[in-house]
Amino acid sequence: MNVRSQISMVFHLDKCIGCHTCSIACKNIWTDRKGTEYMWWNNVETKPGTGFPTKWEDQEKYRGGWELRDGKLVLKSTSKAKTVTNIFHNPSMPSMDDYYEPWTYKYDELFNAPEGSDQPTARPVSMVTGEYINVESGPNWDDDLGGSRIYAESDPNLKGLSEEQRQQLSAVERLVLFYFPRICNHCLNPSCVASCPSGALYKRGEDGIVLIDQKRCRGWRACVAACPYKKTFYNWSTGKSEKCVLCYPRLETGEAPACFHSCVGRIRYLGVLLYDADRLEEVAKLPDEQLIDGHRSLILDPHDPEVIAAARKNDIHDSVIESAQNSPVYKFVKEWKIALPPHIEFRTLPMLFYVPPMSPVMANRNDDTVSSVSDEFFHDIEQARVPLQFLANLFGAGHQGKLLYALKKQKAVRVYRRSRTVGDIPMKTAEAILREADCTVEEAEGIYKLTSLCTFEERFVIPPMHREEAIEMMKDPQEHKTAVGFGFLDPPKRGL
Amino acid sequence: MLRLLSVLAVSMLTLGTLLAQETADYYRQNCMSCHTVGGGRLTGPDLKNVTERKDRAWLARFMTDPKAAIDAGDPYALKIFQEARGVMMPALPGMTRARAEALLDLIQTESAKEKSIFAGVQISDRPFTDRDVETGHAIFTGAASLKNGGPSCIGCHTVNGMGGFGGGTLGPDLTTVFERYQGRKTLSTWLSAPATPTMQSIFKKDPLEPEEILSLVAYFQHTLTRNPEDASTARLNFILIGLAGTIVLLGLFDVVWHKRFRAVRRPLVQERQLESHP
Chain A
0 MNVRSQISMV
10 FHLDKCIGCH
20 TCSIACKNIW
30 TDRKGTEYMW
40 WNNVETKPGT
50 GFPTKWEDQE
60 KYRGGWELRD
70 GKLVLKSTSK
80 AKTVTNIFHN
90 PSMPSMDDYY
100 EPWTYKYDEL
110 FNAPEGSDQP
120 TARPVSMVTG
130 EYINVESGPN
140 WDDDLGGSRI
150 YAESDPNLKG
160 LSEEQRQQLS
170 AVERLVLFYF
180 PRICNHCLNP
190 SCVASCPSGA
200 LYKRGEDGIV
210 LIDQKRCRGW
220 RACVAACPYK
230 KTFYNWSTGK
240 SEKCVLCYPR
250 LETGEAPACF
260 HSCVGRIRYL
270 GVLLYDADRL
280 EEVAKLPDEQ
290 LIDGHRSLIL
300 DPHDPEVIAA
310 ARKNDIHDSV
320 IESAQNSPVY
330 KFVKEWKIAL
340 PPHIEFRTLP
350 MLFYVPPMSP
360 VMANRNDDTV
370 SSVSDEFFHD
380 IEQARVPLQF
390 LANLFGAGHQ
400 GKLLYALKKQ
410 KAVRVYRRSR
420 TVGDIPMKTA
430 EAILREADCT
440 VEEAEGIYKL
450 TSLCTFEERF
460 VIPPMHREEA
470 IEMMKDPQEH
480 KTAVGFGFLD
490 PPKRGL
Chain B
0 MLRLLSVLAV
10 SMLTLGTLLA
20 QETADYYRQN
30 CMSCHTVGGG
40 RLTGPDLKNV
50 TERKDRAWLA
60 RFMTDPKAAI
70 DAGDPYALKI
80 FQEARGVMMP
90 ALPGMTRARA
100 EALLDLIQTE
110 SAKEKSIFAG
120 VQISDRPFTD
130 RDVETGHAIF
140 TGAASLKNGG
150 PSCIGCHTVN
160 GMGGFGGGTL
170 GPDLTTVFER
180 YQGRKTLSTW
190 LSAPATPTMQ
200 SIFKKDPLEP
210 EEILSLVAYF
220 QHTLTRNPED
230 ASTARLNFIL
240 IGLAGTIVLL
250 GLFDVVWHKR
260 FRAVRRPLVQ
270 ERQLESHP
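So the protein sequences, as listed, match chains A and B.
For the first sequence, counting from 1, position 64 maps to 63 in numbering that gives the first Met the number 0; every step adds exactly one.
For the second sequence, counting from 1, position 73 maps to 72 in numbering that gives the first Met the number 0; every step adds exactly one.
Treat the hints loosely; a few may be bogus.
[Stated by the list, open to error] Quick list of in silico lysine-lysine cross-link-like pairs, BS3-like style, CA-CA up to 27 Å:
| # | chain 1 | residue 1 | chain 2 | residue 2 |
| --- | --- | --- | --- | --- |
| 1 | A | K158 | B | K112 |
| 2 | A | K81 | B | K258 |
| 3 | A | K14 | A | K202 |
| 4 | A | K202 | A | K81 |
| 5 | A | K60 | A | K312 |
| 6 | A | K336 | A | K14 |
| 7 | A | K284 | B | K258 |
| 8 | A | K202 | A | K312 |
| 9 | A | K284 | A | K214 |
| 10 | B | K66 | A | K60 |
| 11 | A | K448 | A | K407 |
| 12 | B | K112 | B | K184 |
| 13 | A | K407 | A | K427 |
| 14 | B | K203 | B | K114 |
| 15 | B | K114 | A | K71 |
| 16 | A | K79 | B | K258 |
[What the hints assert, rightly or not] To give a feel for the contact side, a few chain B residues facing chain A, derived at Cβ under 7 Å:
| # | residue |
| --- | --- |
| 17 | F127 |
| 18 | R130 |
| 19 | H257 |
| 20 | R259 |
| 21 | F260 |
| 22 | A262 |
| 23 | R264 |
| 24 | L267 |
| 25 | V268 |
For the record, the hints were derived by calculation from the structure and aren't laboratory data.
C-beta: ideal position from N, C-alpha, C; glycine also.
Just chain B, same shape as in the assembly:
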């Protein structure tokens, strides 16, 4: 009996830790890019002692469907919406009432600590140098590979002035991302744990290193001086380059296969008819 009880206790304990671990991972993947616990506000507010500022029921309701709360005109929801300069908290995948409660438990525990593990990424505050910008450019274009093996930005993104075909068009143009993400701190935190589904699935396994984030942020601050690329110019360039490439390629085919079979009968008849009736 005693043994059975101890086994039960151990398994429950393990289960408890596992659950706690799972919640922490969820926080890291979904919350950390906008919120800190005791690290000041990013896009979203600092969550230290949030459970004391507002009751748990309201918080859990807001977490499961932020848009509904804002649309319903809830005054507190509208207030934090304004504070976030109109960036709405996205509906998170897998967010349930139970998950929200678990997250609030986690935040409460972390708030009690002097230094929470979610206080934000420690990225140096030193002023950016030209070297940082250069390194950032290299990382963006893929000239320098990422330490953990993640793909380079250019695969999906572009910034103005990439030249040639420009960067990728799958993700958004990042020329003014520094401004959109409200500066160095927010952007750095976001990059340390990207929250969009595409970015997350790619960089969850191969996260960016703090130095790499610093360089990239420096680069994005640098590109702020440029205007985002005019889409129509980019498209025109693309079409023109494509057209020129096609002509070159067709010319090449013509040279490579210059001995290819061409019509026999028609040229023969035409040539002979020309000879007899010039």
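If we strip away everything but chain A, and leave its shape as in the complex, we get:
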């Protein structure tokens, strides 16, 4: 057992209202610089929809992530040989058009317009070229466009859905959408790190945050092609690639990352997980249907004395172990099993988990009246407007089992709480539904508490980062302390 610690995350999709506050918080802190205007380290997508960049989930086109070839785990986009043959042209590189060309408006023309008979306008100009542009797409171009012919119908997750289900998704009065906020997953088996020819990407030892060393990055952009979630971006101004840093400077001072902190729906949870690094490869090679269980089995019980001993042996600080014991992520992922990794079939073992959304009840339309098809207070999961297969394609590697389990448990908690607070459902029925959903009363209370009444401290259990321990490996921390904090800022630039 080789115990490591990892800052992990849970996004509770049932609570996301799609307000993009997270995206804006991130943009204002990190990506408002020249060359980064088109980047959205945090973005919120509408599902069904094509996302950002357009259809990023379609790895037939983008070729991100890993695949199993002859029992070996290989990158889809590159290899040692391909690094050489594709050195002047990477054939898997998305263009800016697949993200969007960032723009602003010529406000001057609006404010300083001379008096005239026409209404003055502020024309859009590209933030890349400075020329006037026709705005054709944006980072959330299909925002709230559930049921749209172009975007929603082109969602790669519609694979395997029947024609009837597809039509239902866009039918009037039935169309449905939910939000899918995304940041870097800080994967356990990151393909971006594996693909970098310069060795500029690394996974931080103490907390597993995946970072790009701006001094070592040579702008090959292999990470851009290799990341299946398209969460590394190329800065065309500095000639280096950049990605979500999980606001590590904030984490190091005990603050939640900006997107977490600003989240209006309080959908975001953050905490430490302990995992077994020895079994990574074995798990990443499992067949699709076993991946979720395998991934969960990597996460170790922080209360287990054996795990604690092994963690201590790996110099994981007691305070971090304690933090792992209070981790909300551990509860959602491992104890309750209602948070699932996105697209685990890309085999990067993402460490951001999603609680799948409960969708509205399916309706019937008779002439001018619309009525619910279910008599139950909370409808059958199978009758939900979002077909189970769609969610399974997103969070279950195409298999419905884990989704059904997670949604049933959520439904059971609702029924139970309804019974407790309103009382129009007999407790006996509620308990039966709980049992059926493999949920105890204590667990239901726990889920309810952490979902609805969670405080700041419960949502974000940030471990002390113990930077001094990492520094100690290179340098005397006392000496380091007296040697930093005053000097020249060295902005990244092209070349060596």
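Chain A is fixed; fit chain B onto it per the hints.
Coordinates of chain B only, in the frame set by chain A:
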């Protein structure tokens, strides 16, 4: 004291020989391609007993700056300029008054000998055969490598009728070099010790063998029947071949990378819009 003197004497003697050796090398590298000592005229006159024909001061002045002497209208300088059919002696690198005097000393010594070491290269006088021409062609194109490892001519030169891209364009076209160098003897001598800076630096270390020179000269005599290549045709050929090559290469890239990433968003939008508004 005696010992010191003897050491001094020996070192002066060695120095003297070294100097003499150095002058001979200079002669070989810079003079031999145009002049012989007792071997008849090449491009320039035979230098046997030159010091008796003209006084040393004039000679040394001419050697250090031939152009100035000719431009100044010196009658003797003009005479030898005419005799050389208008080929002007080049200003030689490292030629100083002292060097000129040393060279004149060397020429004087060599003139006194019955057979000077600078009488010219001994290259057979036998008539050229077709085989010689063939061998010369092979040497020129590099099909046959040079015995001493020098580079083949085609690297820098061309003659008409090379085909394809032709030969190199760095050096001059050699189609009529036989005529320009006034025949077999001069060309052979020149090739035995090429005097231009580029040729010299390349062939000083790896000189041509006499048989190779013979074959090459035979080949150059053979090419005399052709016209020098028309530069514009050659350039057009080059551009056309380059263009065709580029198209083939681009086609090849397209095949090799046929699965490359192409745009996603624009085609998706266009395709869907076409479907709804055909």
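Hint check:
Annotation: proposed proximity of A/K158 to B/K112 is violated, straight-line Cα distance about 101 Å (limit 27 Å). For the hint linking A/K81 to B/K258, the alpha-carbon distance of about 14 Å falls within 27 Å, and the restraint holds. A distance of roughly 30 Å separates the Cα atoms of A/K14 and A/K202; the hinted pair therefore is violated under the 27 Å criterion. In summary, the hint linking A/K202 to A/K81 is supported, as the alpha carbons are separated by about 24 Å, within the 27 Å threshold.
Between A/K60 and A/K312 the alpha-carbon distance is near 44 Å, which puts this suggested pair outside the 27 Å criterion. Between A/K336 and A/K14 the CA atoms are separated by roughly 18 Å; this keeps the pair inside 27 Å, and the hint holds. Simply put, A/K284 and B/K258 have alpha-carbon atoms about 26 Å apart, close enough for the 27 Å limit, and the pair holds. Of the supplied pair hints, the one linking A/K202 and A/K312 holds, its CA atoms being roughly 20 Å apart against a limit of 27 Å.
Proximity of A/K284 to A/K214 is assessed by CA-CA distance (about 33 Å); at most 27 Å being required, the pair is judged violated. For the given pair, B/K66 sits about 72 Å from A/K60 by alpha-carbon distance, which is inconsistent with the 27 Å threshold. Between A/K448 and A/K407 the alpha-carbon distance is near 18 Å, which keeps this suggested pair within the 27 Å criterion. Distance check on the hinted pair: B/K112 and B/K184 sit about 22 Å apart at the alpha-carbon level, within 27 Å; holds.
For the suggested pair A/K407 and A/K427, the alpha carbons sit about 17 Å apart, so the restraint of at most 27 Å is met. Note on B/K203 and B/K114: the hinted pairing holds, with a Cα-Cα distance of about 24 Å set against a maximum of 27 Å. Straight-line distance between C-alpha atoms of B/K114 and A/K71 comes to about 81 Å, which puts the hinted pair past the 27 Å bound. Between A/K79 and B/K258 the alpha-carbon distance is near 19 Å, which keeps this suggested pair within the 27 Å criterion.
Checking B/F127 against chain A by beta carbon gives a least distance of about 51 Å; that is not within 7 Å, so the hint is violated. With a least beta-carbon distance of about 48 Å to chain A, the hint placing B/R130 at the interface is violated under the 7 Å criterion. Below 7 Å, beta-carbon pairs count as interface contacts, and B/H257 has none with chain A, the closest being about 9 Å; its hint is therefore violated. The beta carbon of B/R259 is positioned within 7 Å of a beta carbon in chain A (closest approach about 3 Å), and the interface hint is therefore held.
At about 5 Å, the closest approach between the beta carbon of B/F260 and any beta carbon in chain A falls short of 7 Å, and the interface hint on this residue holds. For B/A262, the suggested interface contact is upheld, since its CB lies about 6 Å from the closest CB of chain A, less than 7 Å. Contact between B/R264 and chain A, as hinted, is supported at the beta carbon level, the nearest pair being about 4 Å apart and thus within 7 Å. Using the Cβ-Cβ criterion of 7 Å, the hint placing B/L267 at the interface with chain A is satisfied: the shortest such distance is roughly 6 Å.
Here the hint on B/V268 is kept, as its CB sits about 6 Å from the closest CB of chain A, short of 7 Å.
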